[in-house]
Amino acid sequence: DAGVTQSPTHLIKTRGQHVTLRCSPISGHKSVSWYQQVLGQGPQFIFQYYEKEERGRGNFPDRFSARQFPNYSSELNVNALLLGDSALYLCASSLDRVGEKLFFGSGTQLSVL
Amino acid sequence: GESVGLHLPTLSVQEGDNSIINCAYSNSASDYFIWYKQESGKGPQFIIDIRSNMDKRQGQRVTVLLNKTVKHLSLQIAATQPGDSAVYFCAERTEAGGYQKVTFGIGTKLQVIP
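Here the protein sequences come in this chain order: A and B. First residue of the first sequence? That's 12 in my numbering, and the numbers climb one at a time after it. First residue of the second sequence? That's 74 in my numbering, and the numbers climb one at a time after it.
The reader is advised that the hints may include incorrect statements.
Unchecked claim - Computed footprint of chain B on chain A, listed as stretches where at least three residues anywhere in the stretch have a Cβ under 8 Å from a Cβ of chain B:
no., stretch
1, 50-61
2, 74-84
3, 114-123
Read the hints as simulated data drawn from the structure, not as lab findings. A quick note: this is a predicted structure, and the numbers were derived from the prediction, not measured. Beta carbons: idealized from backbone N, C-alpha and C, even for Gly.
All chains should be modelled from the sequences, with the hints used to inform the complete structure.
If you want it as structure tokens, here you go:
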């Protein structure tokens, strides 16, 4: 059984550009969450989606947006990139919106130059 | 700010010894706590969880203890092995407005000395 898959694995962008990160959850999982992990820190919650609806949002600016598709895959979009957006972006899936036992992908390492 | 934190950023233990990783949390409304292990280049991996109505839960070589009185969580790893070397995060779940949010602490790096 495939785990959570994320693409791309690495990405280099320049300030002001936008980026789209993609995530495919474990088959049967209906909830997807996005986290940002800065080097040396724990993951910070960005969004949670369940059944294609946003169910939670962390303290991130409106430059961050996401959506979930009918097949439960998800995209995270970041506009007007800043240097401080450089981080590992993690996607996690779980069976339901309660979010127990999150299964994480390996993440997308984003570098903003 | 962070509602979950760790006392020790780095913990070094001898192979075969027991490891104890501690965590403090501040949100008394949290109903569920999780420990994750993160190896270099990988996403966090679920280790063990505990609900707020419990004070102890055991898994394979791991035990989680929850002390709600002092808002303290610990992870005990028995007979620590080199493969246990990783960063360990405690996390708490809070639910509000119909959704859950998982808040992670800053992590403790466990180094196992062969």
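Is the coverage entry for the stretch 114-123 of chain A by chain B consistent with the three-residue Cβ rule at 8 Å?
Satisfied; 5 residues make the cut.
Apply the coverage criterion to the stretch 74-84 of chain A and chain B: a residue qualifies when its Cβ sits closer than 8 Å to a Cβ of the chain, and three qualifying residues are needed.
n = 0 at 8 Å, threshold three: violated.
Annotated coverage of the stretch 50-61 of chain A by chain B, confirmed only when three residues or more have a Cβ within 8 Å:
holds (count 8)
Hint 2 alone, counting from the list given before, is not met by this structure.
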